[in-house]
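Undergrad: Order-wise, the sequence lines are chains A and B. When the letters of the first sequence are read in order and numbered with the working numbering, they come out as residues 1 to 101. When the letters of the second sequence are read in order and numbered with the working numbering, they come out as residues 1 to 147.
Since the hints were made in silico from the structure, they are not lab data. Note that this is a predicted model, so its numbers are computed, not measured. No false leads were mixed into what you were given.
Derived pair list, reagent style EDC-like, types lysine to aspartate or glutamate, alpha-carbon separation capped at 16 Å:
| id | chain 1 | residue 1 | chain 2 | residue 2 |
| --- | --- | --- | --- | --- |
| 1 | A | 54 | B | 51 |
| 2 | A | 54 | B | 43 |
| 3 | A | 67 | A | 30 |
| 4 | A | 39 | B | 36 |
| 5 | A | 54 | B | 48 |
| 6 | A | 68 | B | 22 |
| 7 | A | 21 | A | 74 |
| 8 | B | 10 | B | 51 |
| 9 | A | 67 | B | 22 |
| 10 | B | 25 | A | 30 |
| 11 | B | 25 | A | 65 |
| 12 | A | 39 | B | 28 |
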Amino acid sequence: MVKKSRFSENSLLILISLAEKERHGYAIMEDIEKNYDIKLGPGTLYGAIARLEKEGYIRVLESEDRKKPYKLTEEGQQYLTEQLKEIQKVTTIGMKRLGLV
Amino acid sequence: MKWLIYLYPKSWRSRYGNELMEVWKQTDKSFKIIVDLLLGIIDAWYLELSERKFCGFRMSQVVVLISFINILIISKLISLREVILLEQIALIISMVSFLLAIVLLIANMFKVGIVPAFSMKTKLAKAAVGFMGSYAVFFVTFLVLAN
Numbered sequence: 001m002v003k004k005s006r007f008s009e010n011s012l013l014i015l016i017s018l019a020e021k022e023r024h025g026y027a028i029m030e031d032i033e034k035n036y037d038i039k040l041g042p043g044t045l046y047g048a049i050a051r052l053e054k055e056g057y058i059r060v061l062e063s064e065d066r067k068k069p070y071k072l073t074e075e076g077q078q079y080l081t082e083q084l085k086e087i088q089k090v091t092t093i094g095m096k097r098l099g100l101v
Numbered sequence: 001m002k003w004l005i006y007l008y009p010k011s012w013r014s015r016y017g018n019e020l021m022e023v024w025k026q027t028d029k030s031f032k033i034i035v036d037l038l039l040g041i042i043d044a045w046y047l048e049l050s051e052r053k054f055c056g057f058r059m060s061q062v063v064v065l066i067s068f069i070n071i072l073i074i075s076k077l078i079s080l081r082e083v084i085l086l087e088q089i090a091l092i093i094s095m096v097s098f099l100l101a102i103v104l105l106i107a108n109m110f111k112v113g114i115v116p117a118f119s120m121k122t123k124l125a126k127a128a129v130g131f132m133g134s135y136a137v138f139f140v141t142f143l144v145l146a147n
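With the rest of the complex left out, here is chain A (with noise of 0.2 Å):
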């Protein structure tokens, strides 16, 4: 069965972002807007960054700069290949109904 996913879609692209490397806030929001064309606003983004690490997903690297970075944590980790796994299961089954595999 398919899991229902506790965070919305945005958290989701903010996990792949963060497995590439580490990205403070700005950064995060320009690889999503180049990547997909998503335009996340401010509250938005750290609406869900706020949720992400308060479950342990993400935590803040320690910096002086005012923008600090954001890194995957193991959790986070486990937690984005699951839900990707689910979405490539009901991916395969669309295309294959639709005949396209």
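Model the placement of chain B on the given structure of chain A, informed by the hints.
TA: Frame of chain A; chain B shown alone:
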């Protein structure tokens, strides 16, 4: 529009405020972004109220309970008589005053703590009491008109 940041809960602001300001500086100041920030503020307060407890209950539950009590009172009173315009105006003003009083009281609780929030030392507390007074006056007016 920097003042928008002060609408976030204090704990949230101290953790993410500076970062949010940095991102805000680099983004355009369109209407869409302002709406996004306002939605972010609601979301942050929802998170905050879901975590905070008051007498063993979550703050969000307390607010919902108070709102239900008000709705119950209104529904009982409205069904008593034919609603006329003046009653409605008095009722709307009293309910808006009540809502503002509660919002200011909760905001003050987060700002100065639960016990000091009930003193009259801060501007927010004074404003909350003022709105509560307005609520009482207009609610009594509504009751008089309804009867």
